[in-house]
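K.L.:
Start from the sequences and build out the full structure, keeping to the hints where you can.
2 protein chains.
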Amino acid sequence: MIKDKPVQQFLDELASKSSTPGGGGAAAIIGAMGAALISMVANLTVGKKNYEAVEGEIKTILARSEALRSQLTGMVKADVDVFNKVMGAYGLPKDTDEQKAQRTTAIQAALKEATDVPLACAKLCAEVINLCLPIAEKGNKGVISDAGVAVLAGYAALRSAALNVYINIGAIKDESFVQDRNRQLEKILSGMDTLTEKVYQIVKSRL
Amino acid sequence: MIKDKPVQQFLDELASKSSTPGGGGAAAIIGAMGAALISMVANLTVGKKNYEAVEGEIKTILARSEALRSQLTGMVKADVDVFNKVMGAYGLPKDTDEQKAQRTTAIQAALKEATDVPLACAKLCAEVINLCLPIAEKGNKGVISDAGVAVLAGYAALRSAALNVYINIGAIKDESFVQDRNRQLEKILSGMDTLTEKVYQIVKSRL
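As they're listed, the protein sequences go chains A and B. Here the working numbering is used: the first residue of the first sequence is 2, the next is one more, and so on. Here the working numbering is used: the first residue of the second sequence is 2, the next is one more, and so on.
Check before you lean on any hint, since a few could be wrong.
Note that identical chains are pooled: a pair holds if it fits in a single copy or bridges any two copies.
To be verified - In silico lysine-lysine, DSS-like type, Cα no more than 27 Å apart, as pairs:
hint : residue 1 : residue 2
1    : K86       : K142
2    : K50       : K205
3    : K113      : K205
4    : K50       : K86
5    : K113      : K18
6    : K6        : K50
7    : K49       : K124
8    : K49       : K18
9    : K142      : K50
10   : K188      : K113
11   : K199      : K188
12   : K142      : K113
13   : K113      : K95
14   : K101      : K124
15   : K101      : K113
16   : K86       : K101
17   : K199      : K95
18   : K139      : K18
19   : K18       : K4
20   : K174      : K205
21   : K18       : K101
22   : K4        : K199
23   : K6        : K78
24   : K18       : K188
25   : K101      : K4
26   : K18       : K6
27   : K78       : K4
28   : K124      : K199
To be clear, the hints were calculated from the coordinates, so they are not data collected in a lab.
P.N.:
Take a look at the structure:
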């Protein structure tokens, strides 16, 4: 599993001509880094003088950021699995008409899964960004730049996941599926640029 | 060294209340991921049919992206080292006036170093973004979404590094140093938002 490999090896494999890990896995890891940095700011806020009033809220944020981190880390494996499924479907025999039809069905089903994995990743990244707002506003000033890095990571991961939705959706023939997923993605992306900038400016004002 | 630790452990330590790794190290890793993804697209372009005409240029890009990846990975350790130096300076004795003066001098020197590490990181991230343009235009269409993830990672890393410059520069008393580094940072950041969007749109148009 990628998460068990040393960071250096992960980077080496990312750079290599092997297709996985690729941008999908990278997006999930960057999103997980965003969630981890929210947790770091929260961990350095809980129990500190001058932050007693927000301690309850910060603990709630921490529980959520740790759940998001775990889910996003899991997305790395999901991305590899679904990529292998798509490749497997493309590799099916296509000698007879029946085989061709079965192969097409398998490819289309795999592509739908390969769309839903980055879509789920995008949804989690949007939650990371949302969670950056209260931590940037209320987290320990001494480490507030880390909340800024968290939101930037979350936003890069969100748009990266979106690219991975677009690339898979392009080859899907089921128009109602395509429209539905495009609508879902648009809804997830909506307002995230503005929110990211808002958090960044809050962080800068508290540096 | 952080780069030798499993990805999961890196994320756990990032999320923990330990100050390192923090946003500075995260920025360097995200930048290195951007460089790695340029390398991936380049590795999957070299030697491929229909890309013979650009092969020389792609090889040059690959050499540069691999150098940037190595330098950015090295920044993770530099970030930890300089953080420890700052903490060490703050921990110096301050019982006598002479000690106080020595401590202040040591803190100011360490803060300058702690500004120059993320500034160097920002410079490398800007190079990652610049390198994304030709790879997005000329790289293998089949993996072009990875060039999009590369530019988003590079841009998030650049702005994250900038936050780490701002946070350290705020405590530096040498006004000419502050002005010089602010000027350098502004120059590095200039136009990078537009370039990132340009690359993203090129990638989307080639999906």
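K.L.:
Which hint numbers doesn't this structure obey?
P.N.:
6, 7, 14, 17, 21, 22, 24, 25
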